[in-house]
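We have chain Z; now place chain P onto it with these hints.
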Amino acid sequence: MSTVQGAAPRRGRSLPFKLPARSGLQEYTLVGVVLLLLIVGAILEPDAFLTSDNMLNVLRQASVVGVIAIGMTFVIATSGIDLSVGSMAAAASVAGGQLADSGSLMFVLGALGMGVLLGGINAGAIAYGKVVPFIATLAMFTMARGLGLWMSDKQPVSIFDLEFVRWFGNGEVLGIPSAAVVFLAVTALAWVLLNRTPYGRYVVAVGGNREAARIAGVNVRRIVFSVYVISGLCVGIAAILLSGRLASASPIVGNLYELDAIAAVVIGGTALAGGRASIVGTFLGVITFALIFNLLTLMDLATEIQQVTKGLIILAAVLIQRRER
Amino acid sequence: MSTATPILSVRGLVKHYPGAKALDGVDFDVQAGEVHCLLGPNGAGKSTLIKCVSGAVEPTSGQVLVDGEPLPTGTPSASLAHGVATIYQELDLVEDLRVYDSIFLGHEPRKLGGLLDRAQMKRRTRELLERLDHANIPVDARVGQLRPAAQQVVSIARALSHDVRLLIMDEPSAILDDNEVETLFGVVRRLKADGVGVVYISHRLDEVARIGDRVSVLSDGRTVATGLPADTPPDVLVEKMVGRKVEQLFPDRATASGGGADGAAAAPALELRGLARAPEVKPTSFAVAPGEVLGIGGLVGAGRTELLRLIYGLDKPDAGEVHVHGQRLKPANPRAAIRTGLGMAPEDRKSQGLLLDWSLARNVTLADLPRFAPRGGVLSINGERQAAAEQLRALKTVPDDADRIVRELSGGNQQKVVLARWLLRECKVLLLDEPTRGVDVGAKAEIYGVIANLAKAGLAVVVVSSEMPELIGLCTRILVMREGEIVAEVAGDEATELELLRHAVAPTDTAPVLEETA
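Chains as they are written, first to last, in the numbering used here: chain Z, 1 to 325; chain P, 326 to 843.
These are computed hints drawn from the structure, not numbers from a lab. Careful: at least some of the hints might be erroneous.
[What the hints assert, rightly or not] When the alpha-carbon atoms are kept at most 30 Å apart in a straight line, the in silico DSS-like pairs for lysine-lysine are as follows:
| id | chain 1 | residue 1 | chain 2 | residue 2 |
| --- | --- | --- | --- | --- |
| 1 | P | K655 | P | K753 |
| 2 | P | K781 | P | K753 |
| 3 | Z | K130 | P | K641 |
| 4 | P | K517 | P | K675 |
| 5 | P | K675 | Z | K130 |
| 6 | P | K655 | P | K675 |
| 7 | P | K721 | P | K346 |
| 8 | P | K655 | Z | K130 |
| 9 | P | K436 | P | K447 |
Chain Z with its partners taken away, still in its complex shape (with noise of 0.2 Å):
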């Protein structure tokens, strides 16, 4: 109806402020879900839930997820998907402990070596042999976790000694936890890096609409190729961070990772179809999860409630989407 003419009624003109784009609505819609779910913690947990170390434990807590996430928005942006960002973690942790005895930094380069490697397969068989992404993501899902397992004989190795490597997972700087300074510093580069340059312009005009973006001058091939590297990038910082909390390089871990970062930057309001994406959604959608499990937790209430009450979110958050649009 509001294809017909110039003077079409405008969304959102009633409101007092300027709404900047369609995805912020969803991005004030889930600032009001994260206060409400401090609010009802407060509540329902006012001993335990509201203090600054669980809060800084949550932080902490989200921020593997939430830094794949990040890197799951680019992917999105697109319209992809990568279904290997949990199998690549727990490859990119193995490939750091082989390097293990060669210190914290030669751990870190094979972490990020080894994210950016299967990445960077993952780019080329989507972008320059047009395999689907599900499918090449998803082959990369089985080939990672094998890898993983294969050069780690199935067993974790420890870390224990890697002092910079386990600062990642339990070192602070003023007081906030290092992984979580993490997850603030990849979000604030990756929101200017969507947002105010060229490259995001075009990771969004690719999901929006491919055709029109090559006729425009957009370099669509390369444009694909880079969102799969900069997801296996992602992929190898939260696997330092996992492997820090965790002290160990283990090939086992990182399961599911895709799903919950596939949620969270739904929730956020980046549109799975491609052309819209929201960084500070995607941040607010991992707050949200975490925020949601450390509750559930903090009250003793199970796993398998923690898993319906999120695939609810998941579909509540969708339906509102479909809404709005």
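Leaving out everything else, chain P in the frame of chain Z:
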């Protein structure tokens, strides 16, 4: 010819779409056992008319009578129940289904317990094919294995399985070679003998006399001639097709020398040397001077859009070169084309030109983003918005609020957003594919003004259009394409619609080209 109640009678049919009148008073009728040909240039409203009769589209006003009784409009099932069936230009058969499954798709005969009655399906399929004189088509074959002509027979058989009394055929010969057309005509004659009324739509004038009994001509959504005898001379029919008034839409014509008045033999802005991509585009060469508006006319499917895509590098050429201001373009690389100064407004704005959910500003700047991120690669959102707004205002876009979403704009204003993108980019050669499709008359005139001004400023503009008055009113020179090649060049101030159309339609004495090889 009005002895019996006609099978189909269309009275004062009108269909308005937002911003455009597709049908504006259509009258014609079809008798039992008659083949009634329907002619009209692209965009005359033929498809809309068919859709109104087949129930796919609800007319704004007017009547469709079948056997003298009004047909409920907008319900395809009602049309079918009244014995009206349509065979569309693109065959809508499922290639993996067998012939008998295709024919009974959706109304399969059942056995007790709801199981498919294969035996009955096969038997009735054989009967139908026999009736069409095509018993040689194996009923067990998969549709995809059949040649196009045979597929079309299956389509017709499917229509007949519905007890059809009026068959609408939309350019059925377009995908057939000469022998196959003869086969098709045989089928049509059989239907005629069975008392079925046929509406036969075609671009080929020669077919009217060969298969038709009467002919009606549609132009600009109106029947300009209805129920003429089929032996009406083709020239008379062509005149009817183009006989509409050309409104005062056009600015002063651009002249080739306009941009390069100082040097008569100005170097061409765009030059094609043998550019080709089989089978749509045969080797093509031409040059466009700065300041010139070159039109490319022809019928839909003549290869015009494909040619533009080749020039711009969206498709890979088999052979040939494109030069822009003396510089050879890297083939199949739109980015290189843009860097050298090319810009393009594609045929389908919505699916190829624009990001509909993006703001005007973002759509305008997409092809020129690095300009707004000079230092450190960070975009100046304000600079972007201001530059976009400036271009949008210059083109009188309504609204020119750069934050608005493109989806909310009318067709003409959306086209201005695409133009603004290339103005911002300061391109030197602009390729416009159907620049005024879906644009209302007022905005059309504005877009013509913009094109003329760009040419005056020294740009070379190539316009592909199916609207001949547009080409004649706007262009310095007009090339006419037919079946993938340029068959004529006409000076804009000498061109007439009659002449262009004569070049565009296959002459009656030559065989239509094979579109499909076995």
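Here is how each hint holds up against the structure:
1. With a C-alpha separation of about 17 Å, the suggested pair K655(P) and K753(P) falls inside the 30 Å cut-off, and the hint holds.
2. Our distance criterion of 30 Å between C-alpha atoms is met by K781(P) and K753(P), whose separation comes to about 12 Å.
3. Note on K130(Z) and K641(P): the hinted pairing holds, with a Cα-Cα distance of about 17 Å set against a maximum of 30 Å.
4. A C-alpha spacing of about 42 Å is found between K517(P) and K675(P), which places the hinted pair above 30 Å, so the restraint is violated.
5. Restraint check: the Cα-Cα separation between K675(P) and K130(Z) comes to about 25 Å, which is no more than 30 Å; the hinted pair holds.
6. Using a Cα cut-off of 30 Å, the hinted pair K655(P) and K675(P) holds, with the two alpha carbons roughly 27 Å apart.
7. Note on K721(P) and K346(P): the hinted pairing holds, with a Cα-Cα distance of about 24 Å set against a maximum of 30 Å.
8. At most 30 Å may separate the alpha-carbon atoms for a hinted pair to count; K655(P) and K130(Z) meet this at roughly 23 Å.
9. For the hint linking K436(P) to K447(P), the alpha-carbon distance of about 14 Å falls within 30 Å, and the restraint holds.
Hint compliance for this structure: hint 4 is the single one not met.
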